[in-house]
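**Student:** Sequence:
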Amino acid sequence: MARLKSSWNFRDKQRSMKDIGSALSFNIWQISGNGVLELENEGFQTDTKSQRLDVLCEYAAYLLQLADRMTYDILTEEQRNQLISAAGLHLASIIQDNRYDTEYEKAEGKDYIQEFLSLLNSRINDYSGCKFSSIDGPSFVFLRLLGDHVTLKMGEKDKKWITSYVIDISGDKLFKAFRRILPGLLDPAKKLNEKSESELDLGKNYDV
Numbered sequence: 001m002a003r004l005k006s007s008w009n010f011r012d013k014q015r016s017m018k019d020i021g022s023a024l025s026f027n028i029w030q031i032s033g034n035g036v037l038e039l040e041n042e043g044f045q046t047d048t049k050s051q052r053l054d055v056l057c058e059y060a061a062y063l064l065q066l067a068d069r070m071t072y073d074i075l076t077e078e079q080r081n082q083l084i085s086a087a088g089l090h091l092a093s094i095i096q097d098n099r100y101d102t103e104y105e106k107a108e109g110k111d112y113i114q115e116f117l118s119l120l121n122s123r124i125n126d127y128s129g130c131k132f133s134s135i136d137g138p139s140f141v142f143l144r145l146l147g148d149h150v151t152l153k154m155g156e157k158d159k160k161w162i163t164s165y166v167i168d169i170s171g172d173k174l175f176k177a178f179r180r181i182l183p184g185l186l187d188p189a190k191k192l193n194e195k196s197e198s199e200l201d202l203g204k205n206y207d208v
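Quick note: the sequence shown, position 118, residue 118 per my numbering, numbers continuous.
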């Protein structure tokens, strides 16, 4: 499995929000995949590759919501919208490729990109009223909603236990893994903001 990208190799190169969103989506994909593997390693039942992707999509939608919350005080509203949109679209493309690989017999004519974007829009509404702290992470209600969504995508065997596991363990692990990599990915955007703010010397008296 590919390693998570927590920083840029060429720090002096200016990165667009699209670039950062692409890197963000890759990390969300990796962290979400690790979350699914952890569920299976804990003995929770997944029956098909398609079902694993269903759960992964729920984790990815959750992490994209966390990205929006965690960048609220770092980026401008325009930058944040560009970042989240770019990450969401790139994630949708990754998911479509994997859906085609795992569901090739029934994939013809299906628009998996739109399917995932519809899921994202639905989860935006679901999570919009949930509280979030940059220190403590998502609230209990936030995690319970995630757990309920994951439960609906899992097999019958362990359904009654999955929400509790997500609340107690999985949701927080996903948050902490994401929190570790986010600052390095956002460095180019923060530097761009700092440059914009420093272009005008606020301490200088300009002639009128």
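No lab work stands behind these hints, which were simulated from the structure alone.
Treat the hints with care, since some could be wrong.
To be verified - Straight-line C-alpha distance at most 27 angstroms; calculated DSS-like pairs for lysine-lysine:
hint: 1; residue 1: K131; residue 2: K159
hint: 2; residue 1: K110; residue 2: K131
hint: 3; residue 1: K176; residue 2: K153
hint: 4; residue 1: K160; residue 2: K106
hint: 5; residue 1: K106; residue 2: K173
hint: 6; residue 1: K131; residue 2: K157
hint: 7; residue 1: K106; residue 2: K176
hint: 8; residue 1: K49; residue 2: K131
hint: 9; residue 1: K173; residue 2: K160
hint: 10; residue 1: K160; residue 2: K49
hint: 11; residue 1: K106; residue 2: K131
**Student:** Confirm or reject each hint.
**Tutor:** To see whether the hints hold, each was checked on the structure:
Restraint check for K131 and K159: satisfied, since their Cα atoms lie roughly 25 angstroms apart, inside the 27 angstroms limit. For the hint linking K110 to K131, the alpha-carbon distance of about 35 angstroms lies beyond 27 angstroms, and the restraint is violated. Restraint check for K176 and K153: the C-alpha separation of about 23 angstroms stays at or below 27 angstroms, so the hint holds. Taken as a hint, the K160 and K106 pair is broken in the structure, with Cα atoms around 30 angstroms apart against an allowance of 27 angstroms.
Using a Cα cut-off of 27 angstroms, the hinted pair K106 and K173 is violated, with the two alpha carbons roughly 34 angstroms apart. Proximity of K131 to K157 is assessed by CA-CA distance (about 31 angstroms); at most 27 angstroms being required, the pair is judged violated. The hinted pair formed by K106 and K176 fails the criterion: a straight-line CA distance of about 36 angstroms is larger than 27 angstroms. For the proposed pair K49 and K131, the alpha carbon gap of about 33 angstroms is over 27 angstroms, so the pair is violated.
Our distance criterion of 27 angstroms between C-alpha atoms is met by K173 and K160, whose separation comes to about 20 angstroms. With a CA separation close to 22 angstroms, the supplied pair K160 and K49 stays within the 27 angstroms bound. For the hint linking K106 to K131, the alpha-carbon distance of about 39 angstroms lies beyond 27 angstroms, and the restraint is violated.
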